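Since the structure of chain F is provided, determine the placement of chain U on it from the hints.
Given next are the chains, with one letter for each unit.
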Amino acid sequence: MRNELERDVERVELTLAVNGESTQVLVPVHKTLLEVLREDMGLTGTKHGCELGECGTCTVLVDGRPELSCLVLPIQIEGRAVTTIEGMADGARLHPLQQTFAELGAAQCGYCTPGILLAARSLLEINADPSRDEIREALAGNLCRCTGYVKILQAVELAAERMHG
Amino acid sequence: MADQFSVIGKPLPKVDAGAKVTGQAVYADDVVLPRTLHCKILRSPHPHARILSIDTSAARRIPGVRAVITGADLPIKFGILPVTQDERALEHEKVRYVGDPIAAVAATDEEIAAAACDAIAVEYEVLEPVMSIEEALDPAKDERIQEYGGPNNIHKLVALEFGDVDGGFARADHIREDVFFFQGNTHLPMEQHSAIATFVDGKVTLWSSTQVVHYVHRALSKVLELPMHRIRVIGAAHGGGFGGKTDPFAHEIIVCKLAMFTGRPVKCTLTREEVFYAHRGRHPVLMWVRTGATRDGRITAMHFRSALDGGAYGSYGVASTFYTGALQPVTYDLPAYRFEGCRVFTNKPPCGPKRGHGTPQPRFALELHLDKLAHDLGLDPVELKRRNFVEPMTRTVNWLRVTSCGLEECTARVLEASGYKNRRREKGRGMGFAISTYLSGAGTAIYWNDMPHSEVQIKVDRGGVTAYCGAMDIGQGSDSVLAAIVAEELGLQPSDIRLVTADTDTTPIDLGSYSSRVTFMAGNAALEAARKMRAMLVEAVEASGRMFRDVTFEEASVLAEARFGTLVSAGSYTPPKIAGPYKGSGVGPSPAYSYSACIVDLDADARTGQVHINKVWIAHDVGRALNPLLVEGQVEGSVYMGLGEALMEEQEFRKGLHKWPSMLEYKSPTFLDMPEMETFIVETVDPEGPYGAKEAGQGPLLPVIPAVNAAVFDALGVWIDETPVTPEKIVEAIRRKEKGEAARYGPAAFPAIPYPPAIKVEPPPKDLSVTPSAI
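Top line first, the protein sequences correspond to chains F and U. Residue numbering for the first sequence follows this note's numbering, beginning at 4 and increasing consecutively. Residue numbering for the second sequence follows this note's numbering, beginning at 425 and increasing consecutively.
Everything labelled a hint here was simulated from the structure, so no lab data went into it. For clarity, every value in this text was computed on a predicted model and none was experimentally measured. Be a bit skeptical, because a hint or two may be false.
To be verified - No more than 20 Å apart at the CA atoms, straight line, and that leaves these computed lysine to aspartate or glutamate pairs for EDC-like:
1. Lys1083(U) / Glu54(F)
2. Lys1001(U) / Glu1112(U)
3. Lys1039(U) / Asp1097(U)
4. Lys501(U) / Glu571(U)
5. Lys1079(U) / Glu549(U)
6. Lys1007(U) / Asp874(U)
7. Lys34(F) / Asp533(U)
8. Lys565(U) / Glu552(U)
9. Lys796(U) / Asp533(U)
10. Lys1039(U) / Asp11(F)
11. Lys1153(U) / Glu1112(U)
12. Lys1153(U) / Glu1165(U)
13. Lys1184(U) / Asp757(U)
14. Lys34(F) / Glu81(F)
15. Lys34(F) / Glu534(U)
16. Lys565(U) / Glu517(U)
17. Lys796(U) / Glu1165(U)
18. Lys34(F) / Glu13(F)
19. Lys1079(U) / Glu567(U)
20. Lys1039(U) / Asp136(F)
21. Lys1083(U) / Glu13(F)
22. Lys883(U) / Glu978(U)
23. Lys1091(U) / Asp132(F)
24. Lys627(U) / Asp929(U)
25. Lys956(U) / Glu978(U)
26. Lys851(U) / Asp874(U)
27. Lys1039(U) / Glu137(F)
28. Lys34(F) / Asp11(F)
29. Lys956(U) / Asp874(U)
30. Lys34(F) / Glu535(U)
31. Lys1079(U) / Glu534(U)
32. Lys1091(U) / Glu13(F)
33. Lys1091(U) / Glu54(F)
This is chain U alone, in the form it adopts within the complex:
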C-alpha cells in the first residue's frame, strides 16, 4: 500500500534532528540579544487576598533596575477563551492563587531583578481560601474568587440530554452507578517557559516557548493595545508542551511591556517552581456515572456527571467542562445520554488542557465503570465493550460524526498479542483492557470565525522549495510532516524542503499545536498548496514538450518560473461544519477521530501494595502513518505519560501551597520505571485526512490509565477508583475487603450540584449518508 508513495509511510528522521542532537536548536532561553535585561516577577504568597497597596519605590532605587511595572501598567484583562477574559498579566486588586503575578522588574541581571522583587512592599487583606470542590459548592466565607459565574464559587454548569434517557433506563435489565476521582497533575515539560521581547521601530517582537503563536499574538494585541501588525510572535524551538504552553501567559505580556518601557530586549525564564504554579494542567475531576444495560450487555442509557476543580481562573475551563462529557458516545453506541457538568473556582493555579484535554478523566471513569457493569452481568469486560462499539460512518447520539474507526481492529491486535483471553489467573498478576478515542483537531476555533484553521504557502525559486506555515513544532514533528507532504507531491525528499514556521510576520495562520490538529489541518493545507504548485510545474514542463518525470526539479522550476513569473501557491484548510444544533455543540466535533486499545500486564503485591508493570500492548488507529517513526514516538510517549498519571503523578496543595513543586518531589517515571511496550499502528485511511491520516499525539494516553486500574483488580480483586494508584490505596482497599467492606478505594459519594434542567436534544440520524433535517 505504502509503495504508492515515495516519502509518505517511510520511517524518515525528523527534518530538525541534526540541530537537536548537536545542541544547535535555539530554544527561547537560548536567544541572546545584545543589552538584554532580565525580568523577574513578584508573585502572591497568599492563595486569596485583596491587594491594599503596592510600593515599588525601594525597588526602583536599586542600582541596575531599569523598570518596575505593576497591574496599573497592564490593566486590560485577557484569557484564552472569549467568554472568560478574567486574567491580568499583573494583578493590582486581588490575588487568587499562590503565584498570581503582582509586579515585574527589568534589571541588568537576574539577581538584581530578584532583589528588586524582594524590595517591593505589598499590603494584603488576606481572604479565606477555597481549596476543594466541596468548599467551592458552599457559600463563600469572605467573598467569591471571581465576580462571574455562580452560584457560590461555581464557574460553569452545563446539562444536556440526547434521546430518551428515562426510557432507556426503564428498558434496562440492570442499572449500575459508580463514583470516581481523577487527581490533578501537571505537564512537567523539560523546558521551563521562557520569553524574550524587543521593541524596535514601534514594533514588538516576541520569541516564546509557546504552542500557539496566534493566540499569544491576539492576547498581546489586546493587552498592549497595539494592532496585530505591530506585533510579531515567533515560536522558538520548543522544549515540550503537552498542553501546558497553549494559554497566553503573563510573562509573555510582561516582557513585551518592559521592552516597550526600556527600549531594550527583556527576557524572562520561569524557575521550575514557577512552572509548577503556571500549570494549566489536568483538572482534578470528581465523576458519577450511571448506566443501564440489557442482560446481554447492550447499553440502553447513560447518565454522566462531572465536577471539575478549575483553580482560580477560566483558562480553557469551559471547553474542559464540555470535554468531560463529549466523547463517551464516540467509542460506545449510546442510544440515550445525559451529561451534567460543573466547573468550580478554587484558590489554586488554574487548570487547563493537558494531553487529552478533559477526556482522560471521564475515559478513566467510563472504562472502569463498564468493567464493573460487565462483572455484574457475568460478562467478560472486553466482550461487553465490543458489543457496544460504535460503527464507522455513523453519527453519535450527541451529533458527533464518526468516519473511519479502527476500534475493532485495535482491540483484536492487543488481545492477540497479549494473550489476554488465555492469561494465567494467579493472585498478584493481572491484565487490564481499555479503549479510547481522540479528536484530530477541534472542529471549531477558540474564537468564533469563519476563516481557515490552517494555511500554507509554497514558494519555488531557483530550484528551491520553501513552505510557510504558522504551525508550531513542539517536538511532535509537525515540521517533518509538512516537509514530507510537500516533498511527496513535488517528487522531492523532506530534507530538500526549507521551512518557515510559527512566525506571525512571515507565515500564514495556523491555530497551533493543540487538540492534535496539526497533521490533519496543516497537513491538508500543505497538500492543497503542494498540489497547486505541482500542477504549475507539470503544465510548464509539458508545454515544453516533455514529461514532468523526465526532467529534474531544477529544470521544471526554471520552465515554470519563466512561464508564470514568481512561483507561489497556497492552500488552506477549514473543517467541515458538522456541529450539532444545540448550545455547547462546539466542543467535541472533529473532522476525524483516532481510536486506541490497550492492555496492561502487571504484578501487584497484596502485602506492600507495590505495582510493577510488566508490559503494555497498545494499538492505535492513526488513519495512515505519514511517518511511522514519528507515530510510534507519539504513541510511546503517550503510554509513558499515561503510566505516570496512573501510578505516581499528582499535585496537591497545603494552605494554598503546592506540596511538591520540584522535579524530585513531583514523581514522574524514569528510565527505570518504564516497562517494555509493543506498539501496533492500525491504518484505516480516513476519507478526509491528508493521505488518510489522523492524530497520534494524545489518544493513546487515554486507555493506559484505566487499563492499569483494571489490571490491579484482575490481580488483587480490589478496585482503585481514583488516580494515581499508590501502594497505600491498594493496601487500604485490601484491608477493607478483608473486613467485609466494599473492596474499593475511592470517593464515597458525589456532591449535590445545582445543575440546570437539561437541554433536550433530538438525536440525529445514525446513518451518515442521511442528511439530518436540523442542519
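The shape of chain F in the complex, shown without the other chains:
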C-alpha cells in the first residue's frame, strides 16, 4: 500500500521574509500563504473566516500593503516583506494602534482584530490623518460582527492623533 508521503504533490522550497526574519519552508505549491503561516510557520495570529477572500480576517501586509493571505500563494511573494500580527509590536512595546484598540475596547472576540489592525496600519502609513470616511473606506473589506465598528473607528482615529500629534 502506498504511503501518504508518496502522494503526487508538487512541493516547492521557498525563502519567506516574514516579520523581518528569513525562513525556509518546503511546502506543497498549492498551499496558501494563510495555511503556510499558520501550519508551517506557527504564526497562528493570522485568522481565517472564509478562506475565499470574502471577510478580510486573514489580512496580512505584503510590502506594507494589505493582502488576503487566503488568496495568495507563497510562491507569488517570495522575497517580499510579509508582516503578520506577530510582527506589529516593536518587541514588547505595542504599536499605537494595538494600544488604542486595547484601551477603547475595539477588540471584543478579537478574531477579526489582527486583520483590521494590519489594514489600519497600512492606511496610517499612507495617510497619517485620515477622515472617518477614509478609515471606513480603507477597512470596508474587513468584517467584524461584535463591535458595530464604532470603537474600531475611534481607536484608529486616536492612534492617528497620537502618532502624528
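What follows is chain U alone, placed relative to chain F:
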C-alpha cells in the same frame, strides 16, 4: 455615585486585550498538538432522505486515513433540551436537511480526509422535502420529518391565557389585527466552529469554540457513554457566538470519538459553508396579533399567535416557541393576554437561539402593531406606548417579576437627543421609535435541577489572587467582569487577578454564555466569594492589631494564610424561584430585565426603495454599568446586528440548498453601512444584580429592527411588515399604495393552526410586595 468604587464603573480595558491585539489569544483552531489528525465530515446532499446503505470500504483504503466512523459508532441521541433528544452526531437511518452529518474521517491531513469523504458511497431513498411553515402544517407527502410531535410536521403547540381576554376585548373602543413575518437569519460569527480532542489515560479532553462548556460536557458524557469525570471540556478563546455556539454540535462529539479510536489528537474546523448549515440561528416566524384599546390608548387585551419555522431538529425550539410569547407583558402592562405558539419541522438546518432568542421576532411585530394602533386612534405612537409602560416592582399578567425598570428614562433620553417630537416632516425622511426588554439570565436551567447556576472559587496565596469560574468569555468581556468584581472587593486592580475560566476539570460550574446571564449570575457568585475572602483577610489583619487599609495586599494575605491555612473561598448564585404556577412558566422568568429605547433616523427613496440610515440613538437600562466601555461595546454591537437584520440579513433555501452560504452572498453590514450612533447608558441599580447590574448584550438589538420599519413608514407612508426591509419591498408597497391597495408589504394572512384550548391562568397580584397565594 461611581466614586464609592475604585474599579466598578470605570472604563477599563479588557483583561485579555493584550493577547487579542497581538494575535496571542489561542482560539480552538490555533491549538496545535503533535500528531494531530484532521477530520472531515460527509454530509447529506439531500434535504430529506432515508439512508439505505453506507459503504466506507474505499475510504478506508486511502493512504493516510486512520479512521472512518458512521452513525453505527455513535448511535445515542442527544439535544440541548431534555425533551428533544433528537439529534445524532452521525445519522445512519435518515437525513433531514442538506448538511446532516453521515460519516467522518480522521486522516493525516485535511485533503486526504476530504478525499476519503468523497470515496464514501451512500445509497439514499429520497423523500419529499418540507420547505415552509404552510407545507409543514399539511399532512406529510412521504413521511414526517421527526417521529415525535404532530399532527403533521408540527413540533410543538402551546396555548396560554392570562386574565379575562374576551372581557378585555369586549371593553375595548377599538380592536386591530395585523400579520407580520420575521425572516430567518444567522449569527455569522467571524470564527468558524472548531474543536480538537485528545484521548489519554482513558480520558477525553476537548478544546472547542463553544459558548457553554457544561452543556457540551453533558452531551459528550451521554453519547460517548463516559462518566463526566473522564471528560474535560475547555473553552478556547472564542471568535464570536451570538447564540450560534450554544448547542452541543456533531463535530465536537465526532472528534472525541475519533480520538478514542485512533489514540491521536483529532481536529475538525468547519468550512464557512458548513457554518451556514450548522446554523441554529434566528427562526423565521409568522405572527398574528390582535389588540383592544380604549379611545385614549390603554390596552385592554392582547392576543398573539406565532408560527416558527424550526428546521429539522428540536434544538432550543421549545424554549424559542415560548419566548415568542413571553416578554410582551414585560414592557406593556397587559390586563389580559392570550398566547398561542406553534413550531414546525422543515427540511432545513435547525434554528435555535440568536441574540435575543425568540424575542426579536415578536418585538418587531408588537412595536409595529402598536404604531398602527396609535395611528388608528389618532395618537402619537410614542405616547400610546408610554401610557402602557410597565411600572417597576410589579408582576406581569403572565407572572413575570419586574424589579428595576428604566423604560421611561430610556424613552426620555432618546426622544430628547433625537429631537423626535420636533422632527421636520418631509417625504423621504423619517424617524421611528421602539422599545424592548430582555432577560438578565434565564431563571431556570436548561435541564431541571436545584443546583446553583454559577459558582466561583477564589484562591489567595503568596499575595496572588486566582478566580475560578466556568463562565465562557465569548468576547463580551465576562472574564473582565469577574476580574473587576474580585478586584473591587479585595482592593486590587483587574489586571492583578489571575483567571481560570471555562474548563470543566478546573473550574466550578457556570451554565455558560447565553441568555445574557453571566454578569448577573457569575457576577453575583464572584461577589459572594470575594466578600468571603475579604472577610478572612480583614479578620487576620485586625487580629494583628492593624487595619486592612493600612497594610499591603501581600502582607494581608501572609497574615491570613498564617491564621487560616490555605486561603480559599467560594460563592454561588441560584436565581430566585419566581416562575408562575403553570406549565410553560419556566420560559420568561429572570431575576431582572434590561430595558432599551431606540430612535432611527433615515432617508428612504420612493423611486428606488433605497434606505440610508442617518443616525441611531439608543438608551439602555443596564442597572449599573460595571464597565461602561464594555456596556457601550455590547450596545453598539447590538445596534449593528439589529440594522443588519432589519436591512439585509436573511437566509432562504432553494430545493433544500441554502441560497447564500458565503460571506459575500449573505449580506451583512460593513464599515461603510454603519451610521453614526449615540448611546446612553441608563442606570437603575437593580436590587439583586451585582452592584445593581443587569444585562447589556442582547436587549439593545431588539428595538432597532422595528424602529427602522417605523421610520420607513414615517418617511414614505408605507408599512413593510416583514424583515428585511429591501428596496424591492418598498417599491412594491409604494406601487400598491398608488394603486389604491393597502399601503403595505407583508404576509397576507396567518394560517389555520390546530392550537389546543388555552390553559387559563389566574394573574398574580400586580404589587410585588403582595405575596401570591398560588406559590
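Verification of the supplied hints:
1. The hinted pair formed by Lys1083(U) and Glu54(F) meets the criterion: a straight-line CA distance of about 19 Å does not exceed 20 Å.
2. Annotation: proposed proximity of Lys1001(U) to Glu1112(U) holds, straight-line Cα distance about 13 Å (limit 20 Å).
3. Between the alpha carbons of Lys1039(U) and Asp1097(U) the distance comes to roughly 11 Å, so the proposed pair stays at or under 20 Å and holds.
4. With a CA separation close to 13 Å, the supplied pair Lys501(U) and Glu571(U) stays within the 20 Å bound.
5. Distance hint between Lys1079(U) and Glu549(U) is fulfilled; the C-alpha atoms sit about 16 Å from each other, no more than 20 Å.
6. Taking the CA atoms of Lys1007(U) and Asp874(U), the gap is about 18 Å. The hint holds against a cut of 20 Å.
7. Distance hint between Lys34(F) and Asp533(U) is fulfilled; the C-alpha atoms sit about 12 Å from each other, no more than 20 Å.
8. The hinted pair formed by Lys565(U) and Glu552(U) meets the criterion: a straight-line CA distance of about 6 Å does not exceed 20 Å.
9. Taking the CA atoms of Lys796(U) and Asp533(U), the gap is near 59 Å; set against the 20 Å cutoff, the hint is violated.
10. As the CA atoms of Lys1039(U) and Asp11(F) are separated by approximately 57 Å, the hinted pair breaks the 20 Å bound.
11. Under the criterion of a C-alpha separation no larger than 20 Å, the hint pairing Lys1153(U) with Glu1112(U) is inconsistent with the structure, at around 45 Å.
12. Of the pairs offered as hints, the one joining Lys1153(U) and Glu1165(U) holds, with about 15 Å between alpha carbons and a cut-off of 20 Å not exceeded.
13. Note on Lys1184(U) and Asp757(U): the hinted pairing holds, with a Cα-Cα distance of about 18 Å set against a maximum of 20 Å.
14. Simply put, Lys34(F) and Glu81(F) have alpha-carbon atoms about 14 Å apart, close enough for the 20 Å limit, and the pair holds.
15. Only pairs whose Cα atoms come within 20 Å are accepted, and Lys34(F) paired with Glu534(U) is accepted, the gap being roughly 12 Å.
16. Among the hinted pairs, Lys565(U) with Glu517(U) is consistent with the structure: their alpha-carbon atoms are about 19 Å apart, no more than 20 Å.
17. Among the hinted pairs, Lys796(U) with Glu1165(U) is consistent with the structure: their alpha-carbon atoms are about 17 Å apart, no more than 20 Å.
18. As the CA atoms of Lys34(F) and Glu13(F) are separated by approximately 10 Å, the hinted pair is consistent with the 20 Å bound.
19. For the proposed pair Lys1079(U) and Glu567(U), the alpha carbon gap of about 18 Å is at most 20 Å, so the pair holds.
20. Of the pairs offered as hints, the one joining Lys1039(U) and Asp136(F) holds, with about 15 Å between alpha carbons and a cut-off of 20 Å not exceeded.
21. Between Lys1083(U) and Glu13(F) the CA atoms are separated by roughly 36 Å; this puts the pair beyond 20 Å, and the hint is violated.
22. With a CA separation close to 13 Å, the supplied pair Lys883(U) and Glu978(U) stays within the 20 Å bound.
23. Of the pairs offered as hints, the one joining Lys1091(U) and Asp132(F) is violated, with about 30 Å between alpha carbons and a cut-off of 20 Å exceeded.
24. Between Lys627(U) and Asp929(U) the alpha-carbon distance is near 11 Å, which keeps this suggested pair within the 20 Å criterion.
25. For a cut-off of 20 Å, the pair hint linking Lys956(U) to Glu978(U) stands: about 17 Å separates their Cα positions.
26. Restraint check for Lys851(U) and Asp874(U): not satisfied, since their Cα atoms lie roughly 57 Å apart, outside the 20 Å limit.
27. Simply put, Lys1039(U) and Glu137(F) have alpha-carbon atoms about 19 Å apart, close enough for the 20 Å limit, and the pair holds.
28. Between Lys34(F) and Asp11(F), the direct Cα distance comes to roughly 14 Å. Compliance with the 20 Å bound is thereby established for this hinted pair.
29. Proximity of Lys956(U) to Asp874(U) is assessed by CA-CA distance (about 23 Å); at most 20 Å being required, the pair is judged violated.
30. A threshold of 20 Å between alpha carbons decides the hint, and for Lys34(F) with Glu535(U) the separation of about 11 Å falls inside it, so the pair holds.
31. Only pairs whose Cα atoms come within 20 Å are accepted, and Lys1079(U) paired with Glu534(U) is rejected, the gap being roughly 29 Å.
32. For the proposed pair Lys1091(U) and Glu13(F), the alpha carbon gap of about 38 Å is over 20 Å, so the pair is violated.
33. Our distance criterion of 20 Å between C-alpha atoms is met by Lys1091(U) and Glu54(F), whose separation comes to about 17 Å.
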